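Given chain A, work out where chain B should sit, using these hints.
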Amino acid sequence: MDLSRLEINRRTALLTSAAIAANVINPMRAFAQETPRKGGVFNVHYGAEQRQLNPSIQASTGVYIIGGKIQENLVDLDANGQPVGVLAESWEATPDGKTVTFKLRKGITWHDGKPFTSEDVAFTAMNMWKKILNYGSTLQLFLTSVDTPDPQTAIFRYERPMPLNLLLRALPDLGYVSAKHLYESGDIRQNPTNLAPVGTGPFKFVKYERGQYIIADRNPDYWRPNAPYLDRIVWKVITDRAAAAAQMEAGELHYSPFSGLTISDMARLGKDKRFIVSTKGNEGNARTNTIEFNFRRKELSDIRVRRAIAHAINVPFFIDNFLGDFAKLGTGPIPSTSTDFYPGPNTPQYPYDKAKAIALLDEAGFKASGGNRFALKLLPAPWGEDISLWSTFIQQSLGEVGIQVDIVRNDGGGFLKQVYDDHAFDLATGWHQYRNDPAVSTTVWYRSGQPKGAPWTNQWGWEDKTVDATIDNAATEVDPVKRKALYADFVKEVNTELPVWMPIEQIFVTVITAKARNHSNTPRWGSASWHDLWLSA
Amino acid sequence: MRILSLAGRRLAASIPTLFLILIGVFLLLQLAPGDTVDALMAQMGGGDAATAQELRKFYGLDLSVPAQLGNYLWHLVRLDLGFSSIYGKPVATVILERLPPTILLMTASLSFAFFFGLVFGVIASRGVNRWPDTLISTLGLIFYATPSFWFGLMAIVVFSVYLQWLPPGGFEDIGNVQTGIWHVLDIAAHLVLPTLTLGLIFLAIYLRIMRASMLEVLNLDFVRTARAKGLDETHVITRHVLRNALLPMVTLIGLQAGTMLGGSVVVESVFSLPGLGRLAYESVVQRDLNTLLGIVFVSALLVIIVNFVVDLLYARLDPRIATEG
Chain A
1 MDLSRLEINR
11 RTALLTSAAI
21 AANVINPMRA
31 FAQETPRKGG
41 VFNVHYGAEQ
51 RQLNPSIQAS
61 TGVYIIGGKI
71 QENLVDLDAN
81 GQPVGVLAES
91 WEATPDGKTV
101 TFKLRKGITW
111 HDGKPFTSED
121 VAFTAMNMWK
131 KILNYGSTLQ
141 LFLTSVDTPD
151 PQTAIFRYER
161 PMPLNLLLRA
171 LPDLGYVSAK
181 HLYESGDIRQ
191 NPTNLAPVGT
201 GPFKFVKYER
211 GQYIIADRNP
221 DYWRPNAPYL
231 DRIVWKVITD
241 RAAAAAQMEA
251 GELHYSPFSG
261 LTISDMARLG
271 KDKRFIVSTK
281 GNEGNARTNT
291 IEFNFRRKEL
301 SDIRVRRAIA
311 HAINVPFFID
321 NFLGDFAKLG
331 TGPIPSTSTD
341 FYPGPNTPQY
351 PYDKAKAIAL
361 LDEAGFKASG
371 GNRFALKLLP
381 APWGEDISLW
391 STFIQQSLGE
401 VGIQVDIVRN
411 DGGGFLKQVY
421 DDHAFDLATG
431 WHQYRNDPAV
441 STTVWYRSGQ
451 PKGAPWTNQW
461 GWEDKTVDAT
471 IDNAATEVDP
481 VKRKALYADF
491 VKEVNTELPV
501 WMPIEQIFVT
511 VITAKARNHS
521 NTPRWGSASW
531 HDLWLSA
Chain B
1 MRILSLAGRR
11 LAASIPTLFL
21 ILIGVFLLLQ
31 LAPGDTVDAL
41 MAQMGGGDAA
51 TAQELRKFYG
61 LDLSVPAQLG
71 NYLWHLVRLD
81 LGFSSIYGKP
91 VATVILERLP
101 PTILLMTASL
111 SFAFFFGLVF
121 GVIASRGVNR
131 WPDTLISTLG
141 LIFYATPSFW
151 FGLMAIVVFS
161 VYLQWLPPGG
171 FEDIGNVQTG
181 IWHVLDIAAH
191 LVLPTLTLGL
201 IFLAIYLRIM
211 RASMLEVLNL
221 DFVRTARAKG
231 LDETHVITRH
241 VLRNALLPMV
251 TLIGLQAGTM
261 LGGSVVVESV
271 FSLPGLGRLA
281 YESVVQRDLN
291 TLLGIVFVSA
301 LLVIIVNFVV
311 DLLYARLDPR
321 IATEG
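Chains A and B, in that order, give the protein sequences. Here the numbering used here is used: position 297 in the first sequence is 297, and no number is missing along the way. Here the numbering used here is used: position 88 in the second sequence is 88, and no number is missing along the way.
So that you can see chain A by itself, here it is in the shape it has in the complex (with noise of 0.2 Å):
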């Protein structure tokens, strides 16, 4: 027996071991050492086919994860979430918060030939931004006008202060810019290039088979220097989520976004080194799922049942058991991933505690008789497994504190219309998506006044005056120090009368093949135009 061979043996083991560990916890210094590989066709899941494809007139990550290569935004998130240029390269804001002026980056064609100029900023936004898209309609609500003294300059005017920090990070989503040219005539929505989208983005579109696939080719006039390195993405369209986790594993899709397969085979793919799958790039993407209650039960409207329902529902355990890895327990409205503006976890909670939600029951005089204290009726939101797993586990949590649930299910349109329209519900469960920035779709579910059947709204008979204040205050507060410490406000205060308990944070999930370089790195990577997106050999 040679001692010393065994010794080399043993020593050069742990190396590559640690070698090993070493790529583990750090995959990107292996990547460091490569050099960005061109060509290639990347194949991605479109899970749900949208009626268009023009990100200036929705704001749908269904929308983004295709236009989002054809068009570009004027601002971006850089890695950090923090604003970057795209079409624009520089802004200033005036102190009033009235005038925002954005410089814009010379030299970009359409891909139809046609320069890009400052006349297509402001087209867009007086008559797309402002007038249909969803949510930017709210945001430009004040813009009155875009001048356009020179090719390079576009300059909003607002009628009440605009924050520019809201402003930027509103517009990675709400600022996708079209081409005037191809819009000035006819029906905005009606029009042709929605379907078949022109832009200054990296990919070009090339064809789209309605219910099969959408294929975009390398612009080779990209303004960035050296990118694209694909040569060609392809969209494939599979409704059936096993059939889509089939597809990546037999290698004909590389990337599947927003949490597009199962959560069992997520799971599963994610310990076969073929994939990475993770929340990271997502962080830009946060929602929350809630439970709604109806006001006008006259039960619910008191706000020692609501919170008796809070704390008799185990919200831990539920993820844990269900969720996994995927999801984490929430505070509030905010998410802890939007760093601007979470205001930390010390805002009212409602831990687990099922005596007390028995003694809350009982000090608001709903004894129970035969077990059953009174009945409620929970529409749960058709928009993911995790809604339907946690609608089940509200209604056995709540049995056990003598309150009856019935399930009753709908699809899409359904849900929206009992209950944001017809407000036929007692209790309604989904998802809040945080875009970012509070103001753009988070305090809409706490400011009164809004119109019956707009969706994702307040729409449970509940008005409070504070909170409509706080909200109004935030909105147009310029300093960026005071409107943080309005928001955590904001956050005391909903959590404390409950009208939306939102216990359970969650980020989307991403699955991709281990061959992909530079994916991930900003946190709305899936929206994002993959200019600098390779695929390693």
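Worth flagging that the hints you see were computed from the coordinates, not collected in a lab. In this text, all values refer to a predicted model and were calculated from it rather than measured experimentally. For glycine and all other residues, C-beta sits at the position ideal for the given N, C-alpha and C. It is possible that some hints are incorrect.
[What the hints assert, rightly or not] Reference excerpt, derived from the structure (chain A facing chain B, CB under 7 Å, subset only):
#, residue
1, 51
2, 242
3, 249
4, 250
5, 411
6, 418
What follows is chain B alone, placed relative to chain A:
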């Protein structure tokens, strides 16, 4: 001429039924909560009330229900199926695009099920209660009892993920578009798994029917006569028994042509095929009334045509039916 008059009579009888079905579907969809604008809002992830109102006007939903129905029927009489709200083009175009994959899948799996159902049914009936019969009947039961989405997924896992023999989904190879005969072969390769998945369940039914029907006919007097006059067994089976035993099978085909269109929603979704089943499902979820009614209309037409062909086949198989008709 006889065929033409038969066709004419059939068509005349079908038109009132067709209208009743369309009105029924229209009213049924009114009962579903929400309209196509609610569905669009659900897809967009939000929108304000003013936009919603504008969109309702855009889609013609601001009219009363009877006015909408009247409008639809008036367009239909002029053979105009209307405009699809999810696709933004005429319904007729949308359906025409989706028809070829559906018909291809339907005829392929029906022929597969019919042919193998016939062969296995005959083999089972020849060896009744012996091992071939037991084996075939057991297999048939398994095929019949297994849900088609599971069959489809397992077929993908085995043949596409592990063996990598066949593509896991889609209608054609998008990466490198083929031409001529290679294109045909490419589509055929994509259709093997869906055809088998959809066909296996029907195969199970066909072989049961064929077996029972064969056993019944084998006991009839004319079979004994045929044997008595010295015909060999093959002749007896093919010339005398099979022809008579086929009638229930042909009836079944006519009935199932309609089911096949509906049943393919699952198979089309699992294999990502752009067929009518998925289109119908999407139209319901998106409350796209025009498209859904258009599909009902086209499906009904298909069923009528298939049943007409079945009637003609009856006459060919059994001349007694023709003379009585």
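Hints versus structure:
For residue 51(A), the suggested interface contact is upheld, since its CB lies about 5 Å from the closest CB of chain B, less than 7 Å. Against a cut-off of 7 Å between C-beta atoms, the interface hint on residue 242(A) holds, since the closest Cβ of chain B lies about 5 Å away. A distance limit of 7 Å between C-beta atoms decides the matter here; for residue 249(A) the minimum to chain B is near 5 Å, and the interface restraint holds. Because the smallest distance between the Cβ of residue 250(A) and any Cβ of chain B comes to about 5 Å, under 7 Å, the interface hint for this residue holds.
Interface hint status for residue 411(A): upheld, as the beta-carbon distance to the closest one in chain B is roughly 5 Å, under 7 Å. Contact between residue 418(A) and chain B, as hinted, is supported at the beta carbon level, the nearest pair being about 5 Å apart and thus within 7 Å.
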